[in-house]
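Those protein sequences? They're chains A and B, same order as listed. Taking our numbering, I'd label the letters of the first sequence as residues 1 to 203. Taking our numbering, I'd label the letters of the second sequence as residues 1001 to 1088.
It is worth saying that the hints were derived from the structure and are not from the lab. Given the structure is predicted, the values throughout are model-derived calculations rather than measurements. Every residue gets a Cβ at the ideal spot worked out from N, C-alpha and C, and that includes glycine. The hints are all genuine.
With beta-carbon atoms standing in for the labels, derived distance ranges:
| # | chain 1 | residue 1 | chain 2 | residue 2 | range |
| --- | --- | --- | --- | --- | --- |
| 1 | A | Asn144 | B | Lys1005 | 38 to 48 Å |
| 2 | A | Glu25 | B | Lys1040 | 41 to 51 Å |
| 3 | A | Gly28 | B | Lys1052 | 53 to 63 Å |
| 4 | B | Lys1054 | A | Gly28 | 52 to 62 Å |
| 5 | B | Val1028 | A | His124 | 33 to 43 Å |
| 6 | A | His58 | B | Thr1015 | 19 to 29 Å |
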Amino acid sequence: MSKVKAGIITFLGTNCEQDTMRACELFGWDTEFIWQNDIIKKTYDIIFLPGGFSYGDHISSGRIAKLSPAVKSLPIGKSLIVGICNGFQILCEAKMLSGALTCNENLKFISKVVPLEFLGEIIHIPIAHHQGNYTYSEGRLGENEEVILRYTENINGSDDYIAGIYNRKTKIIGIMPHPERAVFEELGLTDGRKIFEFIENEI
Amino acid sequence: MKKFKAIVNVGLKPTIKDIKSATLKDAVSHLLDIENFRCKVGSRYILEFEAKNKIDAENKVKIIADEILANSVIEEYEILWEDLDEQS
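Using the sequences provided together with the hints, build the complete structure.
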């Protein structure tokens, strides 16, 4: 079987691209960065939109990055597209996933490990965001979308405790927690591997 | 081409929980004694540019507001024009 090929889009202000690359490499994936201003022409099995503060979060998180050539040229329906934290915000702003991520209910930046419901089990993964409060478009998820990750308690005010959604038809995943920060034993948490295993199975 | 100046005010839709406004209201209550205080927090953008005519200008500002300044899922906006009589 040929190696999984992964691309990680980096924007001005992205700060989780190295962690994401290391996690991809742990899984043996052939990984490279894609600059925000480049049009995506190569074929990737997975394209990550990593965490961080693209364009300094100006106007609103993810608002400007959605207009970048890399995001505009995402091969929708071909590559599996995974937005983590700021990446999830970008995908929602670009209307590639439904809903919006607005300020946390307590208006604080929340950075801590939280329990999450994932595929019928409880896993522990860090979150680090100020705008992680998932709000439905028109009171529900979009067509073909499903919740894949859910907080077990009200962390940030998200509708129905939603922490991550997946559109199987367009092959787009958006999650607020950071699985790439929970794959190495020396960092104390390895539950993030389960998310990466899920991603690998969805290619 | 004519010069135009538009002011775009963006705020959360009434259906979205407005935490920043609630925080401001709370802060004001600690600052002074005030009755029936209401507030709405938002963002203000001042845009100056050239366009062929008013319709062209309105179209351009609408695109900027819809694509960059506001997210229609949670926000609404109003556009105010400055010195429009002199420009049209």
